[in-house]
Structure formats: C-alpha cells, structure tokens
Amino acid sequence: MIEPHGGTLINKALPQSEKKRILNEIHEFNKIPVNIQKWKEIKNLSFGIFSPLGGFMNENDVINVLEHMYLESDVAWPIPIVLDVSKEEVANLKEDDSIILTDMKDNPIALLNIESIYNYDKNYFAEKIFGTIDISHPGVKKIKEQKEYLIGGEVFLINELNSPFPNLDLKPLETRVLFKAKKWDRVVAFQTRNPPHLGHEYIQKASLTFNDGLFINPVIGRKKQGDFLDEVIIESYKTLIKNYFPKNRVVMSIFETEMRYAGPKEAIFHAIARKNYGCDHIIIGRDHAGVGNFYKPYDAHEIFKNFPDLGIEPLFFRSFSKCAICDSVVNDKICPHPPDKHVFFSGTDIRDILLSGKKPTPDIMRPEVAEVILKYQNPFC
Amino acid sequence: MDIAEKKTDYENILIPNPLAEKLKNIMKDTGFSSISNYISSILRQFISAKDGEKNLKQAFSKEEEESIKQRLINLGYLE
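Chains as they are written, first to last, in my numbering: chain A, 1 to 381; chain B, 1 to 79.
Certain hints may be false.
[As the list claims (entries may be wrong)] Calculated from the model, a selection of chain B residues having no Cβ within reach of chain A, i.e. all distances over 12 Å:
| no. | residue |
| --- | --- |
| 1 | Lys22 |
| 2 | Lys24 |
| 3 | Gly76 |
[Unchecked claim] Lysine to any residue pairs mimicking SDA-like chemistry, simulated, CA-CA at most 25 Å apart:
| no. | chain 1 | residue 1 | chain 2 | residue 2 |
| --- | --- | --- | --- | --- |
| 4 | B | Lys62 | A | Pro15 |
| 5 | B | Lys24 | A | Asp212 |
| 6 | A | Lys205 | A | Asp363 |
| 7 | A | Lys31 | A | Arg21 |
| 8 | A | Lys333 | B | Ser34 |
| 9 | A | Lys305 | B | Lys62 |
| 10 | A | Lys128 | B | Lys62 |
| 11 | A | Lys141 | A | Met259 |
| 12 | A | Lys305 | B | Leu75 |
| 13 | B | Lys69 | A | Gly7 |
| 14 | B | Lys28 | A | Pro15 |
| 15 | A | Lys247 | B | Ser36 |
| 16 | B | Lys62 | A | Asp212 |
| 17 | B | Lys28 | A | Lys205 |
| 18 | B | Lys24 | A | Lys31 |
By construction, these hints were calculated from the structure, which means they are not laboratory data. Because the structure is a prediction, the values reported are computed rather than measured. Each residue gets a CB set at the ideal place from its N, CA and C atoms; glycine is no exception.
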C-alpha cells in the first residue's frame, strides 16, 4: 500500500489518560475559541489526513509553501494550513506557551503548543494561493476576512467534532485497514462536491477498470451558495452505488473540509489527502476545484508535472458527453462524431433543470439519482 | 519583518555549462520557468524513487488492525 505523504501517518489524538490530565488542569491554560471550520482542520491534522502536518504551519513552512509549494522539509504541499487569531487574542500569548483551543461554547477541542506567532500580508497570501486578489473569488474573500495574526504549532486533539455522517466518516488508519482487508492493491480516489451524473459514473467506471477499488470521497463542509447540500450528495451517491456498482469494488466516506476553490493547487491538496487515506490514484477532471473563470479548464492537469515526487498518480479526464451515434458516454479522444450529436454534461444546466423541479433525462443522470435529489424541496446551499 | 519579505534558504550547486545547456534544451516544453526549478524537480523524482525502494513500515499493529476491522464490520464496510 502507498505510504502516507511524508512517510508517517500522523496521529495527534490524545490518549484517554493524557486527555484526563489536561482536562483536570484546564483552568491553568489560556483559551482561544475557534470556529467549526478550524475544528474540522484540527480533526484532519489529528487523524493524519493532512500528514505530514501535525499542527498549524509555522512561518517558514508558510513561506516555502507559498513560494515553492513545498514544506521546509521539502515535502510537497500546495496550500497553507494556518490558524488566524486577533491582536487581542495574541496579546497574552508567547512562543512555547501551551493553550487550549475551544469551540464557541468554551468546550475544549485541542491543546496547541505555540511555536510561532506572526503577522502576514493578506494580498500576498491570496495572490500566491489563488493567483488573484479579486474579492469575488470566494477563497480571496475568506482570506480578507481572516484575523490579523497567525499561530503555528503542534495540535493534540482532546474532543472530536460530532460527524454529520458518523457511519460514513472513516479516518486514514481505517481506510488503510479496509483496503487491505478487501485486498485492494490499487485504489483510485474520486473527489466530489456534486451528485453524480452519467459523466461522473463513466470516469469512475473507466478508472475502476484499471484499479481494484474506487474510493468515493465527497467533500463535506462549507461551500459556496448554489452548491449542493451535503446530504443530497451523500444520498444520491448511496443510490448510484446501490444500483449501478458492484458492492465489493466501491467505498464511500466523507472528507470534512471546506472547499477553497484554489483550482490546480487544490487538486494537489486533494491528491495528498487521498494518498493519506491509502489511495494510489486520483481522478482529476476538467476545472478541478475551480470557480468562475479564475483557472483554465486543464490547469489542474498541468500542475501535476511539477510534482514528480507526489507518490499518488493522477488519472486525467477531459469533458464528457453522451453521443447519440455511439450511444454511450464518450470524450473528445474516443468519439469522431460532430458536436450536434452530443448531449454535454453541464453542471449549470443540470442545476437549472433540477431547480425547475424537472428530472434530467436518463442521457444525463440516472433516474434513481434524479429522484433522490428531487425529494429535497431545495437541494442547494 | 513581514512574511512576504522573507526568503527561503538555497544551496548553490555548480554544474558544467554544457550540461546546463543540454538541460535548458530538454526543459523547453516542460513548463518549468528556470533551470533551478527543473533540476530540483529531477532530484525530487530521484529521491522519491530511492525512498520507494525502502521497506514500507506498516502504519498499524495487528491489534489495532483487528479492532479497526471490527468497527468496519459494525459500520457495514466489511462483512
């Protein structure tokens, strides 16, 4: 099985005894509240999804990531994972302090050993990550809303966030045991934030043909307005798997993180997380993690050339359509027929059809999947 | 100092000019913007291949594996 990114699967969940000791002494620690998005990142840091990271990035790692897309240790990493704090919050803190990160109701989440406290230029961050400082980009907007300081340091999980889908929330250690038990030597990951249409099913099945197992790993968490609700994505995939996939070849589990819409850099980030889950291939489609017209359709393919040492192999797919003459789902590499013979899978068109309360035709979406989506009065965020 | 003003550390490595010229020709259509980036990429590929030759350590013990398997059975992932 593929080794975790950086060589070691990180585990920062505190053992019960240590957790008890810290909770007994909790009044001695300074506390900083964090929102639910940060709590999810703490979970990902703690259970190895972000291996080799075991905490929020220090300044040197941030600089290396922004400038070169590598950590200071020369391990590929495309996007900073940081904890932003206000001037007031850092006023009583210094390096080498240990603090407790809490939820908004003062419940402890994690212990953080502070290694560095530093300020940063938001425009520089945005430009380096997203290639723009345009506030209409949701990632840029989020950076502009961040607090003015960053804290770096190791985290140790005290309390895990309740999962929205507890029966579909496997950690990398668990997926690795699962893939081994299923005797899957080659596992291909599919990243998604949409219910499946026939184009998705086509690339999943094409990829599965050359692998032992398919790991469907929907991103669950904050997305932008107009994206599908998490439960719609999960229920529609359950239906697709039940009706159209062999049970012993597919596993679905969620990935709780927010979409950053960083296009090509996020494609690398998604690949690293799936490598940590134990996947050695990842499907990268057209405009992966893109938004608006900020990235070219195949930027997320091109960027992989710069990471020969990533470990996980990308499987690149272009756009798909249903060809009336071939009577199957095709792409531009395998079908000679003109565009007027094709029905194209457009996310926007499918959204519009569903918004009008109609069922997309079977040429575009499986009827069972469409029925699941239409059960929701409003399937969108 | 602001984070954007800081620089990362580098090591200077000298290679013969004819070799540098050959690399420049090879890298023309690769998308790399500098010979330094290109050489770094080649070296990372080499190191990655060497690392891959090492025996991989199992990420979990036998006991952990059995306990996780039971949880996976309870969740319906395994029969």
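Verification of the supplied hints:
1. Lys22: holds, 19 Å
2. Lys24: holds, 17 Å
3. Gly76: With a cut-off of 12 Å, Gly76 of chain B comes too close to chain A, as the shortest Cβ separation is near 7 Å.
4. B:Lys62 to A:Pro15: Measuring from Cα to Cα gives roughly 19 Å; hence the hint holds.
5. B:Lys24 to A:Asp212: Status violated; Cα separation ~40 Å.
6. A:Lys205 to A:Asp363: holds, 17 Å
7. A:Lys31 to A:Arg21: holds, 17 Å
8. A:Lys333 to B:Ser34: violated, 32 Å
9. A:Lys305 to B:Lys62: Between Lys305 of chain A and Lys62 of chain B the Cα gap is close to 38 Å, so the pair fails against 25 Å, i.e. violated.
10. A:Lys128 to B:Lys62: violated, 44 Å
11. A:Lys141 to A:Met259: holds, 13 Å
12. A:Lys305 to B:Leu75: violated, 39 Å
13. B:Lys69 to A:Gly7: The hint holds at about 23 Å.
14. B:Lys28 to A:Pro15: violated, 53 Å
15. A:Lys247 to B:Ser36: violated, 48 Å
16. B:Lys62 to A:Asp212: holds, 23 Å
17. B:Lys28 to A:Lys205: violated, 36 Å
18. B:Lys24 to A:Lys31: violated, 54 Å
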